[in-house]
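Which chain is which? The protein sequence lines are H and E, in order. In this text, residue positions in the first sequence follow my numbering: the first is 1, and each later residue adds one. In this text, residue positions in the second sequence follow my numbering: the first is 1, and each later residue adds one.
These are calculated hints, taken from the structure and not from any lab test. Check before you lean on any hint, since a few could be wrong.
What the hints assert, rightly or not - The following label-pair restraints were derived from C-beta to C-beta distances:
hint	chain 1	residue 1	chain 2	residue 2	range
1	H	K4	E	A358	34 to 42 Å
2	E	N177	H	N104	28 to 36 Å
3	H	D320	E	A265	49 to 57 Å
4	H	N74	E	H336	44 to 52 Å
Here a beta-carbon is modelled for each residue, glycine too, at the ideal position from N, C-alpha and C.
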Amino acid sequence: MNQKITMAQALNQALRDALHADPTVLVFGEDVGPLGGVFRITDGLTAEFGEDRCFDTPLAESGIVGMAVGLAMNGFRPVVEMQFDAFAYPAFEQVVSHVAKLRNRTRGAVSLPLVIRVPYAGGIGGVEHHCDSSEAYYAHTPGLHVLAPSNAEDAYGLLRAAIASDDPVVLLEPKKLYWSKEEVDLTAAVPGIGRAVVRRPGTDATLVAYGPSVPTALEAAEVAAQEGRSLQVVDVRSIVPFDDETVCAAVRSTGRAVVVAEAAGFASVAAEIAARVSERCFHHLHAPVRRVTGFDIPYPPPKLEHLHLPSVDRILDAVDDLQWEDA
Amino acid sequence: MTAAIDALLPGEPVVLIDADGARTPDDAHELPAADSLVQAYRSLVTARRINDQAYALVRQGRLAVYPSSHGQEACQVAAAQVLGEDDWLFPTYRDTVAAVLRGVDPVGVLVLLKGDWHSGYDPYEHKVAPQATPLATQLLHAVGVAHAAQLRGEPAVVMALCGDGATSEGDFHEALNFAAVFGAPVVFFVQNNQYAISVPLARQSVAPSLAHKGIGYGIPGRRVDGNDVAALLSVLGAAVQRARDGEGPQLVEAHTYRMQAHTNADDATRYRADDEVAAWERRDPVRRIETYLRGAGLLDDATAAAFAAEAEQVAAQVRDGLNTDVTPRPDDLFDHVYARRTPQLDEQAALLADELAAEQAGE
Ligand SMILES: Cc1ncc(C[n+]2csc(CCOP(=O)(O)OP(=O)(O)O)c2C)c(N)n1
Ligand SMILES: [Mg+2]
Chain H
1 MNQKITMAQA LNQALRDALH ADPTVLVFGE DVGPLGGVFR ITDGLTAEFG EDRCFDTPLA
61 ESGIVGMAVG LAMNGFRPVV EMQFDAFAYP AFEQVVSHVA KLRNRTRGAV SLPLVIRVPY
121 AGGIGGVEHH CDSSEAYYAH TPGLHVLAPS NAEDAYGLLR AAIASDDPVV LLEPKKLYWS
181 KEEVDLTAAV PGIGRAVVRR PGTDATLVAY GPSVPTALEA AEVAAQEGRS LQVVDVRSIV
241 PFDDETVCAA VRSTGRAVVV AEAAGFASVA AEIAARVSER CFHHLHAPVR RVTGFDIPYP
301 PPKLEHLHLP SVDRILDAVD DLQWEDA
Chain E
1 MTAAIDALLP GEPVVLIDAD GARTPDDAHE LPAADSLVQA YRSLVTARRI NDQAYALVRQ
61 GRLAVYPSSH GQEACQVAAA QVLGEDDWLF PTYRDTVAAV LRGVDPVGVL VLLKGDWHSG
121 YDPYEHKVAP QATPLATQLL HAVGVAHAAQ LRGEPAVVMA LCGDGATSEG DFHEALNFAA
181 VFGAPVVFFV QNNQYAISVP LARQSVAPSL AHKGIGYGIP GRRVDGNDVA ALLSVLGAAV
241 QRARDGEGPQ LVEAHTYRMQ AHTNADDATR YRADDEVAAW ERRDPVRRIE TYLRGAGLLD
301 DATAAAFAAE AEQVAAQVRD GLNTDVTPRP DDLFDHVYAR RTPQLDEQAA LLADELAAEQ
361 AGE
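Pulled out of the complex, with its shape left as it was, chain E reads as follows (with noise of 0.2 Å):
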């Protein structure tokens, strides 16, 4: 079946809420209903706690590396708000908060960072796969679990995330090629932040949009501004609702912007400008959906102040886990690379138990 490429054109982005908080006058897209705003600002508040957290743990030296999302929250929060418990989350390094909103444990996810394993929780139990570090190579395991479900006859939907950058890789190429060969349900969404570390979007692409790359694979690209929650719910929210109903995958690009660094490890002010960034201040998702709630008469003072506690409650629990030290068991390093281990490794992992009962000894 070939798609007719108007269908696949992605229009303007779509923006439901405007930066000063203010309805804008799109009346092609609804606005989602009130309580899933409230329910969206509540986990706005929390994640950008958990950002803020991470980050600060970094510089205390409990974790050797966050690649924050403090600026993105409004994609993190709607990429996890619009699956149901069946559907499957394909996550990124950077998106540890999408994670944890749905439902993994905080500390768990924040595991791969602390450096006491590779990944901190099992991936069936909350349908979130492991965060993939190496560029866009999960967007193919995304399809091959949306296939799986599909020849199941199950309804669940894969969301796969990546970055700007991501989408220069032949990896991003290939899984939308596969997913729309194949019909799978996924919806592919990019958080367009701007940089792959210090290289600016000029440098991965000269097309229309990142959402423009489906129409060679004969997927529909759509287009909304990734600091409005309202818009990303309504179309990430569609885009999955379309999978779903068996019309196949969809790319969704979100305009956003990464506030701070790469990772603590970066230095921004090498490749962008404070007043770039000060721009983006402006529109921040969090500020954003707060103002609309209340000048809807949505939000009253104690209700934010009742997330602001439930987060400030989060954070604490992810410095109580991050603070504590989990001693390493060195029979990890041999039990987990095979379904059995091999006489070499039981005989490496005898060496190791020498040296270590050695060291014990005081020899």
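Bound conformation, chain H alone (with noise of 0.2 Å):
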């Protein structure tokens, strides 16, 4: 069943029916409760089931994560909100100390169903610590998976498998993309965790991107068409883990591969990448796999973000870049 909904709409849709389909489920977090949260992403969650299970807390993020890490062993599944990327950082420690390591410290015994949802990444004018890509903290630590989508469609599944899994999940979803309309079918498969998915045929160049820079992507592969090259998109959407298989069968069909991502390029999710398709497909490649990241600064202020963002022409440049035999 089509429908015509907000990345917005679609997440809160996918709390709703979680909240319907399993009474374990859990949502809590700053601002979730009467207000709907500053995205609104729970807007009428507590006047529908109520304060027990939508609600708010004080405001301490280590404390949220914490007391979701203690909900978690004790037989519920809680969904948390951090408000944005940058206001998770105070709940680093029990991310990193305790939600992604549990499991693997009781061999087993204890396994945290939980999801932290972070409103993340730049693009809106937002400023300082509104803007922050974080992936590589979180699938720098093993434990957590690492869900970044890049349509509504798949934040609805994606959030659905995340409440799910039984294991924890840093769900990103990308701010400047909550109120863009698409068309949605809330009823078909859920992509599931670890599936990467081919977004735009294309046979002379792949470029790999996940959450807010796939829709930069497909403009570029858009531009480079009307140029006569022919772009293939690929959407990561699972960070962690990550779809090796899809992704590099898509790099060896075309022999080029640009990584797109906003985050500062060193040590990123996108030098991840690369290295895994350099890896891989060595054989394959004519040309070095190139990254199109943020620079390595911190996050700009509103009327320099444009600066730092990769664009379709600083992607299309590194697409020129790609050792052609014609060039």
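Reconstruct the complex from the two isolated chains, following the hints.
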């Protein structure tokens, strides 16, 4: 059944459906109760399911995640919201030392079915601490699943899959895509965690992207097509676990790859993807794998962010550099 | 040294001038001197004008966002007024006005929200730390700055601001404890405006008051009417003096109200009732001191008009500054990440320069 909704509405629907489907699902965080979250992702949930199922906590991220650990240990499936990317940092200790490790420390006796939702990344003209691409911190921490949807349908499916997962999941929600309206089939099969997808077929080179960079990559492919070059676009969706199979099959089919991501490039998820692809596809590659990422700088202020974010032009420049014989 | 519990207990909130502008029967506290009250009123008029001007500029698209302190101006004014030149102020995103009243150029303070850069003033010039957005984190920095002064034998005091919601963060508690253990000259000043965005105080704490939170750390708590600038000057002034005299930190909680939404992006009607807002409107901090001063013969129409004109000038300065577009300097992206640019940043700056040159050449 198709309907036109925003990513924000799709996430809201996923929470609603999960709360309906499973009485152990709890939603909590800062301003997620009566207000419905600063991005309205939890809109109406307290009214519909009551204070026990969707509630505001005191203002403390370490407290939110730490309490979620205890609830998950004792029979619940907490879905917590960090208000913005950079405001998740006070919870870092809980995330890396406990959320990520409890299963391992207890030889599997304790699993933590909890979801940490993080509105993330830039492109919204936000002031400092509201635009961080923090995926590398989480992806570098073994024990966490890390997902980044790029459209409303995946947002719905990935959030449902995350809530159903017995492992902790960090769901990175590209806030600049919250309000883009799309045709969505909420009854479609949930993509599942760990599955990339080819978003656009192409034969000359492959753009690998996730989250907020996928629409930019698709736009670049569109422009390239007008210039006579056929770019394939792969949407990673699941950063951890990573779908080597789909990504590498795509790159092997074109022999050229550019990885696109907003985060600073040094020691980044883009770096990891480039390394994996280089190792696995070396004999199929006509050129070194390129990366188009944010600069290695703190996220810039609103007036300068356009210079920092991967743009269509920067992506196409990188594609031009991929050692074309006819060039 | 351990503290006796009686000395730590916050009493009832101090009120010196009531909501009708009348002197209360509180004779435990002296009313601040007349010239200091007139000065406070003058600052309040400017403070209110800055808030309203900035709010208007958001609607005109000149500011990305503005967390207004409309309704909390007495706290802003007193926090700045009780400090000496060598003291420090640690403001939050809501404390634009306090920073301005300490002498920072208003346009500079608003640079963060205008979006040109993350901060628009040199913190050392007026001893005002960059406005902090990650809640409560600045309180520990305040303790460090205070301890540094203490180690050098300087008499500086640090005024560290935060909101009611921020008192739930771990850093708030660590800061209080550190300040207490090191006897650091810090005044922790909580503007309890009843809400953290949509979340009411009752969801932050069930303590008898936020000022009581000092007790567990051995820090005396004080409560004060946050819309009574006279009481604020008295209580904060005493806390600063006490810290300067080497008697350590204090925690002051002011009861006030955020009259507008959290920021322009927020819709306050979703979580609070109109009559609650109206009740606080009657306790307006500017009108209250004005009524008192006029009644006491300390303020006449001519002086009030002069203060209003002065405020208007600041508003004009703010408008001009924010209506001026600053051409962003791309190299700023790379110049201040480290003391010296790394080779990698040189490379990235060159890439961007090439792109911009190509764009200019119309490629
Ligand atoms: C660590 C952290 N978490 C969340 C936020 C998002 N946030 C910004 S202001 C705010 C409410 C703060 O309330 P309070 O401390 O009472 O100050 P007020 O805004 O009322 O002045 C929140 C949750 C933040 N800035 N920092
Ligand atoms: Mg507050």
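Hint by hint, here is what the structure shows:
{"no.": "1", "hint": "H:K4 to E:A358: 34 to 42 Å", "in the structure": "39 Å, holds"}
{"no.": "2", "hint": "E:N177 to H:N104: 28 to 36 Å", "in the structure": "33 Å, holds"}
{"no.": "3", "hint": "H:D320 to E:A265: 49 to 57 Å", "in the structure": "40 Å, violated"}
{"no.": "4", "hint": "H:N74 to E:H336: 44 to 52 Å", "in the structure": "47 Å, holds"}
Hint 3 alone, counting from the list given before, is not met by this structure.
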